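K.L.:
This is what each chain is made of:
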Amino acid sequence: MSLSVKHLLGIKDLTPEDIDLILRTADNFKDVLQRPIKKVPTLRDTTIVNLFYENSTRTRISFELAEKRLSADTINFTASGSSVSKGETLIDTVNNILSMKVDMVVMRHSASGAPHFLAQHINASIVNAGDGINEHPTQALLDAFSIREKLGDLKGKKVALFGDIMHSRVALSNIYLLTKMGAEVIVCGPPTLIPKHIEKLGVKVSYDVRKTLEWCDVANVLRIQLERQNKPLFSTLREYSLYYGINKAMLDSLKKEIIIMHPGPINRGVELNSDVADSKNSIILDQVQNGVAVRMAVLYLLAGKKEE
Amino acid sequence: MKSLFTQQHLQITIERLAHQLLENHLDFSDTVLIGMQPRGVFLSDRIHQKLKELIPGVSIPYGMLDITFYRDDFNTSPELHIAKETQINFSLENKKVVLIDDVLYTGRTIRAGLDALLDFGRPESVELLVLIDRRFSRELPIQPDYVGMTVDSVAAQKVKVLWKEKDKKDEVVMLD
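Read top to bottom, the protein sequences are chains V and A.
Okay, so the first sequence: first residue is 1 according to UniProt numbering, each after it adds one.
Okay, so the second sequence: first residue is 1 according to UniProt numbering, each after it adds one.
One or more of the hints may lead you astray.
What the hints assert, rightly or not - Pair ranges (Cβ atoms, derived):
no.	chain 1	residue 1	chain 2	residue 2	range
1	V	I75	A	E139	48 to 58 Å
2	V	S83	A	S137	22 to 32 Å
3	A	S29	V	K280	54 to 64 Å
4	A	I142	V	S85	48 to 58 Å
Claimed, not checked - Under the rule of at most 30 Å between Cα atoms (straight-line distance), these lysine-lysine pairs were calculated in the DSS-like manner:
no.	chain 1	residue 1	chain 2	residue 2
5	V	K39	V	K150
6	A	K158	V	K30
7	V	K155	A	K169
Bear in mind the hints are in silico, worked out from the structure with no lab data behind them.
Fair warning: this is a prediction, and the values are worked out from it, not measured in the lab.
From the three backbone atoms N, C-alpha and C, an ideal C-beta is built for every residue, glycine too.
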């Protein structure tokens, strides 16, 4: 049994069986991470480069830890401070790195489709660690893993994605994953931050935070991505927070307990109030912890994928 | 296909193995049992059950170990191996470990198992119990301490232990 893909470019390309295999393999790695020695020798002859053309805290550290826990050798590349500033192209940069016998590439890039482009030009397996406003597949996988850990299964679960759906690659990857696995999805936010025709992806749209919270089992609150918004899409952060932010009083008034998720970094007091982010409903730090196990599973399954 | 063990024979052998363990470990105060995933666990379940009957009131720590991430053929094997659950909820520090598997063949699984065990602490000793020892086919210097039955076979043959829980009947067969 193995994955149907050679690269992890997006959840869009995965089958439900692939997703299930990744999540089940992540269960085993989560177990490894609870041991006194949190490391296995599996990828000892594999070298992985982490190619980050865009800033990152969680994802970069999480990938690096996952690689180290699998005993792979790692190299970290960040665009700032490299020869990218001298005008070296993406393909040249990657080919130079690969010529030093590197086996896999983990890449984050601000341009949507950058890893897909690279996949057509190099032989090594590529893991997309976020490309522009397109996808962030490992985030969706760790979100799914965390939901599954809390609620047992994804099928039939009601998941609401709140906030900047338009610019969020986490949203798109989550939509693909959750709909493939049989969960119900509502996206909720101001009309200016919800792309037209998004219903075609199999989700419902709501503009009413309160009603959506009442409906869902899981609220995945996404970050307002000011750095990607070229023109103003809402008047002020204060106004956004007032109409679309989630606070403790709202959660307390619901008739049921729901799970709060956020991919980080949190804009505290904007999309999520601190009293919610730090409440017992929040599994934000579990998500981060699960990220390492999920990324170990992805790297293991891709590195072990046999040539056909 | 040749039958090596019938159900009754298998039951008697498992009983003998349990008694041999008891003879060497007596009160099991520092001994733990570890079954090897995937198929050694069926044997270790039976042995564990039998020991519970033999020494009632004594709780013997019992776990299962998956060695997928410790294999030496990650790059050379024609297929990718998918892990099963490891469940060792106790430290192996200074314990006498009895590793249990159904068939001992090349010894490579046990080699990986020994590596994996060390991640749970440094045991005082490790013993190996197997139902079937396919002798003369070892690729590593590994020998069992408790053996159900020794079998002479060539590489083309395959010895398979069938378990009621999984295969609907208890039997050991050799496939040509």
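K.L.:
Now, for every hint given, state plainly whether the structure supports it.
P.N.:
Evaluation of the provided hints:
no.	hint	result
1	I75/V - E139/A: 48 to 58 Å	35 Å, violated
2	S83/V - S137/A: 22 to 32 Å	55 Å, violated
3	S29/A - K280/V: 54 to 64 Å	41 Å, violated
4	I142/A - S85/V: 48 to 58 Å	56 Å, holds
5	K39/V - K150/V	25 Å, holds
6	K158/A - K30/V	34 Å, violated
7	K155/V - K169/A	35 Å, violated
Hint check: violations occur at hints 1, 2, 3, 6, 7; the rest are consistent with the structure.
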